[in-house]
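Sequences listed follow chains E and B, in order.
My numbering numbers the first residue of the first sequence as 1 and each following residue consecutively.
My numbering numbers the first residue of the second sequence as 1 and each following residue consecutively.
Treat the hints with caution; some may be incorrect.
[What the hints assert, rightly or not] Distance ranges between label pairs, derived from CB positions:
#, chain 1, residue 1, chain 2, residue 2, range
1, B, M282, E, R172, 41 to 47 Å
2, B, E274, E, R172, 31 to 37 Å
3, B, P140, E, L173, 23 to 29 Å
4, E, Y164, B, K192, 34 to 40 Å
5, E, K191, B, D299, 41 to 47 Å
6, E, L66, B, M282, 43 to 49 Å
7, E, L131, B, M332, 39 to 45 Å
[As the list claims (entries may be wrong)] Capping the alpha-carbon separation at 30 Å, the derived lysine-lysine pairs in DSS-like fashion look like this:
#, chain 1, residue 1, chain 2, residue 2
8, E, K4, E, K168
9, E, K168, B, K268
10, E, K191, E, K150
11, E, K168, B, K139
Hints in this document: simulated from the structure, not taken from any laboratory.
Yeah, the Cβ is synthetic: ideal placement off N, Cα and C, and Gly gets one too.
Now for the letters of each chain:
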Amino acid sequence: MNSKTGLTLLRVVMWVGCLAPAAWLGAGALLGWLGVNPIEKLTHVTGMTALVILLVTLAVSPIRRLTGWNPLIKVRRPLGLFAFFYALLHFSVWMVLDLGFQLEWVAEDILERPYITVGFTALLLLTPLALTSTKGWIRRLGKRWATLHKLAYVVTGLGLLHYYWLVKADVRLPLLLIAVFVVLMAFRVQKWAAKRGARRGRPANARATKEPVSAGAD
Amino acid sequence: MIIRSRRRSDVASSEITPEDVYVNRRSFIRRAAAGAAVAGFLPTALSACETSEAGAAASEGPKTGAAVGNGVPAPRDQEVPARFRGMESELGEELNSWEEITTYNNFYEFGTAKSDPSRNSGRFRPRPWTVAIEGHVNKPGNYALEDFLAPHTMEDRVYRMRCVEAWSMVVPWYGFPLKDLVARVEPTSAAKFLEMTTVVRPEEMPGQRTNVLEWPYIEGLRMDEAMNPLALLATGVYGTDLPNQNGAPLRLITPWKYGFKGVKSIVKIRFVEEMPRNTWWMTNPREYGFYANVNPEVDHPRWSQGRERRIGELRRRETLMFNGYEEEVGQMYAGMDLKRWI
Chain E
1 MNSKTGLTLL RVVMWVGCLA PAAWLGAGAL LGWLGVNPIE KLTHVTGMTA
51 LVILLVTLAV SPIRRLTGWN PLIKVRRPLG LFAFFYALLH FSVWMVLDLG
101 FQLEWVAEDI LERPYITVGF TALLLLTPLA LTSTKGWIRR LGKRWATLHK
151 LAYVVTGLGL LHYYWLVKAD VRLPLLLIAV FVVLMAFRVQ KWAAKRGARR
201 GRPANARATK EPVSAGAD
Chain B
1 MIIRSRRRSD VASSEITPED VYVNRRSFIR RAAAGAAVAG FLPTALSACE
51 TSEAGAAASE GPKTGAAVGN GVPAPRDQEV PARFRGMESE LGEELNSWEE
101 ITTYNNFYEF GTAKSDPSRN SGRFRPRPWT VAIEGHVNKP GNYALEDFLA
151 PHTMEDRVYR MRCVEAWSMV VPWYGFPLKD LVARVEPTSA AKFLEMTTVV
201 RPEEMPGQRT NVLEWPYIEG LRMDEAMNPL ALLATGVYGT DLPNQNGAPL
251 RLITPWKYGF KGVKSIVKIR FVEEMPRNTW WMTNPREYGF YANVNPEVDH
301 PRWSQGRERR IGELRRRETL MFNGYEEEVG QMYAGMDLKR WI
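With these hints in hand, go ahead and build the complete structure from the sequences.
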């Protein structure tokens, strides 16, 4: 399989995978599969989907590095945008359907319930990332773009905290997602440490090898 | 609440096939609420199918409801026994449907998702069943369920059920007052509390093979709470036996308290001197107390208890003090700091 077919296949899998939850929810809402508390179901499934897609997005770079398959990077932007789409859907279901657009209730929850504060913060931080995902913004922001988009780590961390805080007793699933996040972040830490080591190491080594030479030359 | 008494020997209305069709507007509202404009036409078509099916079944005679769990026939929404039609709570609230009451449950012994109990409780065998009465009573003993229930007059009782998670339902339970049992087993003066325990059967209850809670599930009441006329030992819902997912064959209902007080599948009732250590309180004492009285003014540390979603409704409604039973139970807590005694 050549690289081009591989990428096409990957794109198809990504689009189908990312659209499936929305399609399932839409059909379920119309046909009444969502159980007797459909608003809760919509909230849970959209929230869970956003978190899973965020983790998949964060997995792109490490997998690319491990496999050396560079075209993988092409699905990262659409994945991130899908994560934003589900996070926004999640927030809208909560605000419009669950709280009936009662803005004083929305404000009260955001300000007084730590898990909602954290979830709302994650959505706020994810918004500029979605907005600056275009080629134009990438060009305009230059190096700062990469720095800005490191916020994806913070967003995912806050999103997982939001999930962990809201469950009553059964923390198995949130802990599993947190474990995946920790592994994905470990790749970054390792890469960062390697880079730092290399940067520090190089001048030190250079001096060590240079000095005797120069001394000898003098 | 609405109380209707009947003897256990009476013919259950669930055995009578209703002649006409019960139009279920709740599921229509639900679908419309969750769906888009198209929802208007599709569910109509669907309910038409369901109607004709039910009509055919009625003309053939035998009941066609799918069996759940212990083989309790599930009356389809259209086959709700006649006496429940139009029945309301004392506040004029409509009853939740059989589907709502039996597919949306918190019963961690069968799993932690709301749909788990109805899906995973098929292997549970609520018969034969024995209830142990222990502790400070004159008449302790192990009672076969039939003997345990025999002396009591069973009643339908329509109660609001308010979960600590801020959702609620209106349920027509079937059972007898807990105070009748207390009187029958004659507690001594040393008995200050009741401690009730759920059965432990990990082979039939898959949730008990995990440690999300400490098993067995334990709940308790103060003696005056147990003697309150509202406290009910339920054996049924909608006039028929409790399905496994609702706590078959015997469970507690204390409608002024959060739902987790309603210990299910009870095998043991001990009369004790000290306040029992109830399961949720042990799990997180900051969030769940012994009393667990419904109180819109005392929020759960993580969410508001001021509002609730009534299953089947789109808009949230205000939560009532003691879940609307203040007149009946308020005096038991006079002078108590309800912010401290959650």
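Checked hints:
In this structure, B/M282 and E/R172 break the distance hint of 41 to 47 Å, their C-beta atoms being roughly 19 Å apart. In this structure the supplied range 31 to 37 Å holds for B/E274 paired with E/R172, their Cβ-Cβ distance being about 33 Å. Separated by about 43 Å at the C-beta atoms, B/P140 and E/L173 break the suggested range of 23 to 29 Å. Between E/Y164 and B/K192 the beta carbon distance is about 38 Å. The supplied range of 34 to 40 Å therefore holds.
Checked against the given bound of 41 to 47 Å, the beta carbons of E/K191 and B/D299, roughly 44 Å apart, stay inside it. At roughly 45 Å, the beta carbons of E/L66 and B/M282 sit within the given window of 43 to 49 Å. A hinted range of 39 to 45 Å for the beta carbons of E/L131 and B/M332 is inconsistent with their spacing of about 57 Å. Simply put, E/K4 and E/K168 have alpha-carbon atoms about 47 Å apart, too far for the 30 Å limit, and the pair is violated.
With a CA separation close to 26 Å, the supplied pair E/K168 and B/K268 stays within the 30 Å bound. Distance check on the hinted pair: E/K191 and E/K150 sit about 14 Å apart at the alpha-carbon level, within 30 Å; holds. Distance restraint check for E/K168 and B/K139: the Cα-Cα separation of roughly 39 Å exceeds the 30 Å cut-off, and the hinted pair is therefore not satisfied.
Violated hints for the displayed structure, listed by number in ascending order: 1, 3, 7, 8, 11.
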